[in-house]
Amino acid sequence: MSFTKFHNLSNLLSRAHELAASRETISFDLFDTLLIRRVHDPDLVKPPVARLIAARAEERGIKLSWQQAQKRRDVIEARHRALAGRNFPDHEACYPRFMAELLTGIFGDAALLDEIRDYELFLENQMLVPRALLVDWLKELAGQGKRIFVISDVYLPASHLEKLVAHAGFADSVEAVISSADTFLAKASGAAWPMLAKKFGLVPGSWLHVGDNPVSDGLRPAEFGIEALVIQDWREKFRKGMARRYWHYGQGRPFWRGRALQQLMLPLEAENRSQPPLFVEGCNFLAPLIGGFLQRVAERCQALGIRRLFFLSREGYLFQQFWQKILPALFPAGNVPEVKYLYVSRMALAGAACAYEGLKRSNLDIAFLPTGNRDFRDICRIFSLDVTELTPHLGRYKLTPETCLSPKHDGYLPEHQVLFSELLEDDDFQAEVRRQSAAANTALLRYLEDMGFFADRRVALVDIGWLGTIQRYLYDAARHRPDCPACFGFLFGATRGVEYPTTPENQIEGIIYDRHCFDMAASSLLYARDVFEEACRAPHPTLQAYALDGDGYRLRFRETDDEVGQAELAQDRYFAPLQTGILAAAPRFAAASAVLGYSLADYRPWFNLVLIAKLAFASTTEIAALRQKAHLDDFHGGHQPKKQAKAPSGLWDFSLNRLRFSPFLRLRHFLRHRRDRIRE
Amino acid sequence: MNDMKQLMTNRFDLAGMSVFRLARLSALGKFLPLGGMRGGPGLLPLLLLLALHGAGNCFFPFAVRHEARLHRLYNKLRRRD
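Protein chains in written order, with this note's numbering: chain Y, 1 to 680; chain F, 1 to 81.
Because the hints were derived from the structure by calculation, they are not lab data. Treat the hints with care, as some may be off.
Stated by the list, open to error - Every beta carbon over 12 Å from chain F, so not counted as near; a handful from chain Y, in silico:
| id | residue |
| --- | --- |
| 1 | S2 |
| 2 | S14 |
| 3 | L83 |
| 4 | P96 |
| 5 | Q144 |
| 6 | R147 |
| 7 | P328 |
| 8 | R361 |
| 9 | P392 |
| 10 | E422 |
| 11 | G497 |
| 12 | P539 |
| 13 | T560 |
| 14 | Y574 |
| 15 | A613 |
Unchecked claim - Just some of the chain Y residues that point at chain F, by a computed CB distance under 10 Å:
| id | residue |
| --- | --- |
| 16 | H7 |
| 17 | A188 |
| 18 | Q232 |
| 19 | R253 |
| 20 | F255 |
| 21 | M265 |
| 22 | L266 |
| 23 | E271 |
| 24 | P277 |
| 25 | N284 |
| 26 | D519 |
| 27 | M520 |
Cβ atoms here follow ideal geometry from the backbone N, Cα and C, with glycine treated the same way.
Could you build the full structure based on these sequences and the hints that come with them?
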């Protein structure tokens, strides 16, 4: 009997349907038949496992690099195969045996075997995708009462393959999973077929086999009298060829590493459904950036020995969810900080920050950054101060609550700044400010104690950006305590518009973009910061204040029943597909990054190009989809600045018609953006 | 629902950030410094990827059917070099 080769799946299934009608037994090859791989080379799953072994060795004080661990594994496996080849026709190996020998050689015992095996199978599951049409047909056959077997020539025993099959969702339809690792009789030599016929009572004439290898799944079963169908799918060849090419280019040219990451992240088979445009942007644009950001944060925490990390509201909400999804694949050895979500906001912290430091000049510079803030009433609104109690103090310096303190507004005089600076040095004024802020500060400190903020010497604070204001106020509010930890802020983007008071105990670092690093390409982030804020924001209102509640504290959130609150809720619903897309891509990012062994430094050239493409040269459709509609900023006052003080319109502020029809608009803005960055 | 689309195109490319978009930006980058790309994509890899993504749906059905012959031809050409 000969076998039949098919070059596309639909032709194979047509023929297979006809043949299966008269067959009792249908068997399938597993890898590249029922399950396809995201990577072109199955051996790419091994280096992450070697890295886990090396990490465990380091914990025990054993000097072993992951490359050495991998080499040892290869040598041991090759020896096992050679030994098997002396007694059996196939040179097969059995995973638990050679891994146990490897681990015993390194650690003295094989106690870690279960952990290593579980991680390797976890990664395999992340890299394997069920071939939808074939699996559906398999389930249909099982429903018709056919005997279904899965047969594979692989070093993983059947007990391990059953886990892969169960994860793929068709274990219930399969009578048995057979692996050459258990018997050392493989399909490749033909020895498996008579063994299976005898073991399960199968008749070759009533047996159909489907696989991808012309010899193992075609020639050998045909020699035994089994009807064999071999699939050599040109679409699979195309897909794997592209994955291999991107991986190969990434080995030589750093630019392609990020692109290789995204190629491995792509959904396959049933995963690749039609989705809304925002979901696509979430998966293909934002998810890799956020993944690279969080991977880098974890690496920095490991390097700094930080064991406690706080994701700051509200953008930290999505960061935390993404973090939980990437941990199992990227950091299997653990050694990452314990994470918590901290309810904070600039408005809530501003008031609490004044309880010990008083009103500082640097904090006021931040308060007057929004063009809508004009006078002392805006300061009182931001820092939750009672203007009535403070008005007499202003009067002593010939100031009123309505005196213009911002040069961006009409009525400003330089003398106002001089007088106000003198006011800031007035002890009675500062004493009143501290008195008014004491309650909020006490409530904040109780909340921080509850959250374990003071439990470690160092903490990491993760936020979207942009000035590090939240960390500035948080540190000011807590620094008087002897147990105040050193705060390491990791921002998605650090614009540093106002100088941050960096000390060894209080510092910030921009991960994707940091103005101090002069990364022209990454500065494209500045085109549409709101996009990232909207993408990551939590579906709860902003925190307004910390309040005392007896011996405890209460977090007071903004009401959502006013016009602005309702607009924000509507915007949350609009951006929900974007967040869903980001989180859906998170596990695929983690698995791809673990397999490739790269980190943010490798992805950065590609990420830089994506930022330029999607922000500086975004299409009108992309801008229309991603542009925020209503951005709540309680920090911003309602005053209208002078015309010349208004910030010039950015690319993302223009009307759709202007974006579509204005010639060279993006190029002109790009050149202006470059000029502004150089001038900075 | 007319604007629904898949994350991966029919050419196994990224939806929204295709190799064609990359090529346009790379061409712009020849005249205008775009920023840190660590050497950029390189002309040959970019051209090959453009050809594969663009013509792969025509090329691969042929390549798979005649894989053995193409492989022999490739080895012959390599030996000649």
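Consistency of the hints with the structure:
1. Separation of S2/Y from chain F is adequate, the least Cβ-Cβ distance of about 17 Å exceeding the 12 Å criterion.
2. No Cβ of chain F comes within 12 Å of the Cβ of S14/Y; the nearest lies about 17 Å off, and the non-interface call holds.
3. The claim that L83/Y lies off the interface holds: its Cβ sits roughly 33 Å from the closest Cβ of chain F, which is beyond the 12 Å cut-off.
4. At roughly 36 Å from the closest C-beta of chain F, the C-beta of P96/Y stays outside 12 Å, upholding its exclusion from the interface.
5. Separation of Q144/Y from chain F is adequate, the least Cβ-Cβ distance of about 31 Å exceeding the 12 Å criterion.
6. Look at R147/Y: its CB is around 31 Å from the nearest CB on chain F, clear of 12 Å, so calling it non-interface holds up.
7. The Cβ of P328/Y sits about 22 Å from the closest Cβ of chain F, beyond the 12 Å cut-off, so the non-interface label holds.
8. A cut-off of 12 Å between C-beta atoms confirms that R361/Y is not in contact with chain F; the least separation is 35 Å.
9. Separation of P392/Y from chain F is adequate, the least Cβ-Cβ distance of about 54 Å exceeding the 12 Å criterion.
10. The claim that E422/Y is not at the interface with chain F holds, since no C-beta of that chain comes within 12 Å of its own (minimum 45 Å).
11. Every beta carbon of chain F lies more than 12 Å from that of G497/Y, the smallest distance being close to 20 Å; the non-interface claim holds.
12. With a least beta-carbon separation of about 24 Å from chain F, P539/Y lies farther than 12 Å from that chain, consistent with its non-interface assignment.
13. Against chain F, the non-interface label of T560/Y holds: every CB pair exceeds 12 Å, the least being about 29 Å.
14. The Cβ of Y574/Y sits about 14 Å from the closest Cβ of chain F, beyond the 12 Å cut-off, so the non-interface label holds.
15. For A613/Y, the non-interface assignment is contradicted: its Cβ lies about 6 Å from the closest Cβ of chain F, within the 12 Å cut-off.
16. The beta carbon of H7/Y comes within 5 Å of a beta carbon in chain F, closer than 10 Å, and the hint placing it at the interface holds.
17. The beta carbon of A188/Y is not positioned within 10 Å of any beta carbon in chain F (closest approach about 19 Å), and the interface hint is therefore violated.
18. At about 6 Å, the closest approach between the beta carbon of Q232/Y and any beta carbon in chain F falls short of 10 Å, and the interface hint on this residue holds.
19. Annotation: R253/Y was flagged as interfacial toward chain F, and the flag holds, the nearest CB pair being 6 Å apart, inside 10 Å.
20. A cut of 10 Å between beta carbons decides the hint on F255/Y: the least distance to chain F is about 5 Å, and the hint holds.
21. The restraint placing M265/Y at the interface with chain F holds, with a minimum CB-CB distance near 9 Å, inside the 10 Å limit.
22. Below 10 Å, beta-carbon pairs count as interface contacts, and L266/Y has one with chain F at about 4 Å; its hint therefore holds.
23. Given hint, E271/Y at the interface with chain F, holds; its Cβ is 8 Å from that chain's nearest Cβ, closer than 10 Å.
24. With 10 Å as the threshold, the beta carbon of P277/Y comes within range of chain F, its nearest partner Cβ sitting at about 5 Å, so the hint holds.
25. At a threshold of 10 Å, the smallest CB-CB gap from N284/Y to chain F is about 5 Å, leaving the interface hint in force.
26. A hinted interface residue such as D519/Y counts as satisfied when its beta carbon comes closer than 10 Å to some beta carbon of chain F; here the least separation is about 6 Å, so the hint holds.
27. Residue-level restraint check for M520/Y holds (minimum Cβ-Cβ distance to chain F is 4 Å; threshold 10 Å).
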